[in-house]
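K.L.:
Chain residues, written in single-letter form:
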Amino acid sequence: MRKLLSIALIVLLSACASQTTQPDVEDLTSGTDNGLSGSDLMGSDSGRPSYFNQLNDPNSILSQRSVFYDYDSYTVASEYRELVLSHARFLRDNPAASVILQGNTDDRGSREYNLALGQRRADSVKNMMILSGAQDVQIESVSLGEEKPHAMGHGESAWSQNRRTDILYRGE
Amino acid sequence: MLIRAFFLLLLLSCNVSYASFFGDSEAREQIDVLRKQVKEMEVRIAKMDQALNNQALVELYTRVETLGLELGKLNGQIEMLSNENALLQKRQRDFYIDLDNRLRQIEQPGSRAPSSHSEPQSSPRSMAAPPPDEHAAAPPINNDITPESFPAEGVDSSRAMDSGPLSANELAPPGPVENGSYKEAYDSFRNGEYTNAIAQFENFLGNYPRSSLAPGAAYWIGNARYALRDYQLAIDAQKRLIGKYPDSNKVPDALLNIATSQFEMGDRNTGRKTLENLLASYPHSEAAGKAKQRLSNIK
Amino acid sequence: MLMSIYCSKLMRGLLFLLLWLIIPSLHAQLNIEIFGGGASRIPITIVPFAEENRLQQSITPVISADLQRTGLFRLIDPAGSSPHAPVEVVYADWANRGVNALVIGRVTHLSDDQVEIQFRVMDIAKKSQLTGLAITVPTTQLRAAAHRIADVIYEALTGDVGVFSTRIAYVLKRGNKYALQVADADGYNAQSIIEYTEPIISPAWSPDGNQLAYVSFENKKPVVYVQTLSTRERRAVASFKGSNSAPAWSPDGKRLAVVLTGQGGSQIFLVNTDGSGLQRLSRSSSIDTEPNFSPDGRYIIFTSDRGGSPQIYRMPVTTTESSNAERLTFEGNYNASPDYSRDGKSFTFIHRNNNQFNVAAQEIGSRQVEILTNSKFDESPSFAPNGKMILYATEINGHGILSAVSRDGQTRQQLSVQTGDIREPAWGPLPKWK
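Residue numbers (this note's numbering), protein chains in the order written: chain E, 1 to 172; chain U, 173 to 471; chain D, 472 to 905.
Don't read these hints as lab results, they were simulated from the structure. Idealized CB from N, CA, C, for every residue including glycine. Just so you know, not all the hints are guaranteed correct.
Unchecked claim - Which residues of chain E face chain D? A few of them, derived with a C-beta cut under 8 Å, are:
#, residue
1, Thr75
2, Arg89
3, Gln138
What the hints assert, rightly or not - When the alpha-carbon atoms are kept at most 30 Å apart in a straight line, the in silico DSS-like pairs for lysine-lysine are as follows:
#, chain 1, residue 1, chain 2, residue 2
4, D, Lys816, U, Lys355
5, D, Lys712, D, Lys725
6, D, Lys691, D, Lys712
7, D, Lys816, E, Lys148
8, U, Lys245, D, Lys644
9, E, Lys148, D, Lys644
10, U, Lys262, U, Lys208
11, U, Lys464, U, Lys445
12, D, Lys816, D, Lys691
13, D, Lys644, D, Lys597
14, U, Lys445, U, Lys355
15, D, Lys725, D, Lys903
16, D, Lys648, D, Lys816
17, U, Lys245, U, Lys219
18, E, Lys148, D, Lys648
19, E, Lys148, D, Lys847
20, U, Lys262, U, Lys219
21, D, Lys691, D, Lys648
22, U, Lys262, D, Lys816
23, D, Lys847, D, Lys644
24, D, Lys903, E, Lys148
25, D, Lys712, D, Lys648
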């Protein structure tokens, strides 16, 4: 025990002495098999967590970040279930990763009601993620209501683009 | 910086000396233990993974959300239905009052075509005086004006309430203000504001003693007294009505109310006499029917 | 009915243009078009005041525009005759021209930067003065003086309180910039209170007119701020976890109702204007939003989808949270954005009807509903403090404009800015002297 303590002290002090900072990502390497190889982890020298490599891999479902909805609906349709669950598993396996879920609506009707509806969309995704292993602290769900449309104008093609929840990773 | 370097050296030397206490074999043992623990942990994690990957929870959640939506819709339907129910009840009440008015006019041969006023005439539910089954036999309150003569112009308005009996054809049909003030008083009664209603009807009687609505006002004063459980005052009020408007069609109802009050006061004999009197004097009135029924009940 | 008014020639006949200074360097035009309101308009003549042409800003054109916007007056040209004092008024002459009321006056220059404005409203039929006033103002506030005069005339002729001296707040979006602006009720003197590249919504006037509460997305999520207009000083009142939105002032100005999502769902809370004393008001598993206080402060009306579709409900304001509320709207499956009238007897809201979102008003007692507009995308209705007009946002040719409709739906006017989208209007309270 005392040995461990002394080692810790040394590490601490030498860290101070050398004035270098170890990237936080080292804490994340432990344990589970999430497909990350050691070189991936060491590869990031900018301080940017290397799990982003996986998130941005166009072949991975994790590169998809939006859930779309029917009019006035807030439940995640079955076709988007796997997308939400994949992100949930990723969060579970990378406890340092965190996301903001932004709920959005089309621009019909009251702005405040749409804000609440967007919130409900984001909350629904959040709940599914937590049930699939992500931690509450990793997820903040917010709403942008109808304020940040992807597509402009009226008509179902624009509206359906705007009824969505976006998954944004912090630090990305 | 110097101090820090000194500490570092000190600690390093400590460390070296500690390390020498442990042999190689001891370290290996510890490593084996740790390996075993790691393996156990991996098995547990694999189990948890499995538990979480089995999507039962997520499906359950989706179900809960769907149920929430359906619950909302059901809630909405209940809200709509209770609203429609309330509206229907109100409409039904209005229909009843209207129908009652029309029937009353038909039942009174020789009475004038319906006058423009249409105050509610059904006896309110909150009223305690007549038993519930008497609802249909709601006391008529006006239209007891005969078409022949309307001495409205010639009426000596200085004649006050207590100045001797007035026959029906001495009564004038109500004007709009008169009608309004009667309706206001009646609304008070219907809302259960009996004290207010009494004051308003008394006021009405003071202002329009010769109105065709006056007997009705007098009758409702008695009824309001009854509802307040002031039975003696109720009897007095109805007696005043009978004395003042002896040939009003309100008289049988007034007698019935007197009898009910007398029973309430425990005066069964007087009550029975009043009922018998009612039966004898107004055998064809609706009130008489009630009186007959009640007499058979108390035998 | 509205349709026929809309299509009538009045639409083209009564169009006039005013200049709206949005940012000093940029002049955008404000169009006011008035539809309908035909038969019963009061014929009135406003004679240009003596000496007013020496001012930088003439008084009477402002008064005329104010009165005309209400749809209650028919302005008759003085046609050359220009009395300035009662003795100069030839009543028979004006009566022949069908004039009911005549406004005359004069401007006296007290100093370089101060003037006195005297005016009288003459009753042509009675051949007497109906009302009159003399006000002294700095030359920088001539428009404000004109609005006060218009208020006095309006009150004398209609018996209602005038609202020409009030202000409006709204959000202007141009390019990717959002500006919260405050302007006079006629759209002049627009000033940006705050500008951001992130959305701003839901401005709400404090009852004393000194502060605005609003929702800004500048921190990537909605946060409720309160800003003092005179000092531009502002503070975050509700910046809790999750979304913070839909501020509504209590009538005493001490508290705000806000909608928070931090405790799950969108629920209504009360918070002191300094951000302290958070108290939950509604408890439901549904969306509860858009709270609005009754003028006596006893009730809150709000939008909730607890019945499967957004509808308007009413709940008492108590010190404990409650799940019970009385449903007020029953027509259609979308009723939202309620705003109480000053007298507390009715509220205005957005009603969806065949995929059209329209301004409607409902009496609380009788539940009588009137749909007041027939445009497609109306939003954010807001009662004028005298209850006679409702300001709202709508859309024409794909961009947002402000519109106002009279409480009876008979008169509508469009206030439009040529550049940019204008939305989220809120009509401010009466100035303090009223």
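K.L.:
All hints, please: hold or fail.
P.N.:
Going through the hints against the structure:
1. Thr75: violated, 14 Å
2. Arg89: violated, 24 Å
3. Gln138: violated, 14 Å
4. D:Lys816 / U:Lys355: The given pair, whose Cα atoms are some 24 Å apart, holds under the 30 Å limit.
5. D:Lys712 / D:Lys725: holds, 23 Å
6. D:Lys691 / D:Lys712: holds, 12 Å
7. D:Lys816 / E:Lys148: violated, 37 Å
8. U:Lys245 / D:Lys644: It is violated: about 37 Å lies between the C-alpha atoms, which goes past 30 Å.
9. E:Lys148 / D:Lys644: holds, 12 Å
10. U:Lys262 / U:Lys208: violated, 79 Å
11. U:Lys464 / U:Lys445: holds, 12 Å
12. D:Lys816 / D:Lys691: Violated, at about 39 Å.
13. D:Lys644 / D:Lys597: Violated, because 51 Å separates the two Cα atoms, which is more than 30 Å.
14. U:Lys445 / U:Lys355: Outside the cut-off at roughly 34 Å; violated.
15. D:Lys725 / D:Lys903: holds, 18 Å
16. D:Lys648 / D:Lys816: violated, 38 Å
17. U:Lys245 / U:Lys219: With a Cα-Cα distance of about 40 Å, the restraint between U:Lys245 and U:Lys219 is violated, given a limit of 30 Å.
18. E:Lys148 / D:Lys648: holds, 13 Å
19. E:Lys148 / D:Lys847: holds, 21 Å
20. U:Lys262 / U:Lys219: violated, 64 Å
21. D:Lys691 / D:Lys648: holds, 15 Å
22. U:Lys262 / D:Lys816: Holds, at roughly 22 Å.
23. D:Lys847 / D:Lys644: holds, 20 Å
24. D:Lys903 / E:Lys148: Distance ~38 Å between D:Lys903 and E:Lys148 Cα, so the pair is violated.
25. D:Lys712 / D:Lys648: holds, 26 Å
Violation of the numbered hints given earlier is confined to hints 1, 2, 3, 7, 8, 10, 12, 13, 14, 16, 17, 20 and 24; the remaining hints are satisfied by the structure.
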